[in-house]
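Novice: The sequence shown: position 40 = 40 (UniProt numbering), numbered continuously.
If you are wondering where the hints come from, they were derived from the structure by calculation, not from laboratory data. Misleading hints may appear alongside valid ones.
Claimed, not checked - If you anchor each label on the Cβ, the simulated ranges turn out as follows:
#, residue 1, residue 2, range
1, His-307, Arg-60, 40 to 50 Å
2, Arg-246, Ala-108, 56 to 66 Å
3, Ser-241, His-307, 23 to 33 Å
Glycine included, every Cβ here is placed at the ideal spot set by N, Cα and C.
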Amino acid sequence: MQVELIDPRGDVAPYARQLAAALASAGADVRLLTAPFVHGRLEEASGVELVEAFHRRSGRIERPLLRALARPLEHTLDSVRHRRTAAPAVRHYQWLPYEPVDPWLLPAPGPRVLTLHNVLRRRGPLAAPRYLRALARRFDRLIVHTSAAAERLQAAGVPARQVFVHPHPAFTHLVHLAHQRPLPAELAAPTAPVVLYFGSVRPYKGLDVLLKAIQSLSNIELWIVGRPLTGTLERERRLASRARCRVRFVEHYVDDAEVAAIFAHADLVVLPYRAIDQSGVLALAIGFGRAAIASDIGGFGELARAHGYPRTVPAGDASALARALGELAEDEQARRLLGERARALAEGELSVRAVAERLLGLYRCLIEEHRTR
1 MQVELIDPRG
11 DVAPYARQLA
21 AALASAGADV
31 RLLTAPFVHG
41 RLEEASGVEL
51 VEAFHRRSGR
61 IERPLLRALA
71 RPLEHTLDSV
81 RHRRTAAPAV
91 RHYQWLPYEP
101 VDPWLLPAPG
111 PRVLTLHNVL
121 RRRGPLAAPR
131 YLRALARRFD
141 RLIVHTSAAA
151 ERLQAAGVPA
161 RQVFVHPHPA
171 FTHLVHLAHQ
181 RPLPAELAAP
191 TAPVVLYFGS
201 VRPYKGLDVL
211 LKAIQSLSNI
221 ELWIVGRPLT
231 GTLERERRLA
241 SRARCRVRFV
251 EHYVDDAEVA
261 AIFAHADLVV
271 LPYRAIDQSG
281 VLALAIGFGR
291 AAIASDIGGF
301 GELARAHGYP
311 RTVPAGDASA
321 LARALGELAE
331 DEQARRLLGE
341 RARALAEGEL
351 SVRAVAERLL
361 GLYRCLIEEH
371 RTR
């Protein structure tokens, strides 16, 4: 079976590569169409034909403003070229970077699906029921990672049969790198249980809630590994300076080997998000068998209710987060139990192998639907 995974701008590059490799391992003939990844080296997708079909020039422009102006133009030209390519058995789009235009630049009808990674955070026109129904008509299925996201689409009028749910797989592809590189110099020699906040700093991710929560805690060390899309972390650094515990920042890009070292040394991963479907950061925590605390929202809450992982607290509640952090920092056995649950998920229901098998079943169903039309 020929399968194309399309991630035009590389928005979910690690996810797409791991999924592509799992599909190939399960017997599919997989091509991954994407953009150049200019931030460092990514793990190879074994058995996958990787094609830089989008943003070959604009993606390499260093000046942010010029890159932002050039990308939409090149994307349009690339999309027109993509329309003319020979159709595989199934096209699986991982992201549409320029909605609402992208759905109308797709190639001729054929088995095609779209994964919506961010249904619950959609706002404005892209969340309008009329738009979501129109988007669904452009694909055979819309794929989401949580029941809450599926319910949101169905509430907008998308037929239930057009919505397919599969869990976000655990990210295990970096585990083998855990001891190949030392920690970044900024994080050397931790002296207390390490709490890790990882990823870009954006308002919906609740770093401000976390910094309020740690003000009275002295039994942890907080690592903040990430940076804002624009601006600086000056305000966050001021808040951190008032905390009783040690807070360390890493604002530069960290490559895969450094990511692996960071997660291997973390005792607890924290995700104080205000809104989310599911998170690649939690997928990494699960893959590395790390204990985690997360807001009781979206896929975090669904996972906790089904499997007792992660530990959850009400979103935006700094006091509840402080209590949970303090308790788990003191309770190594509780952290170990959460880690064991994470490893069981990574090896079972949330393994990328299991997700790939579910998707191959969907692809076969769609091919048969088109054959009998």
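Novice: List in ascending order the numbers of the hints, as given earlier, that are violated by the structure.
Specialist: 3
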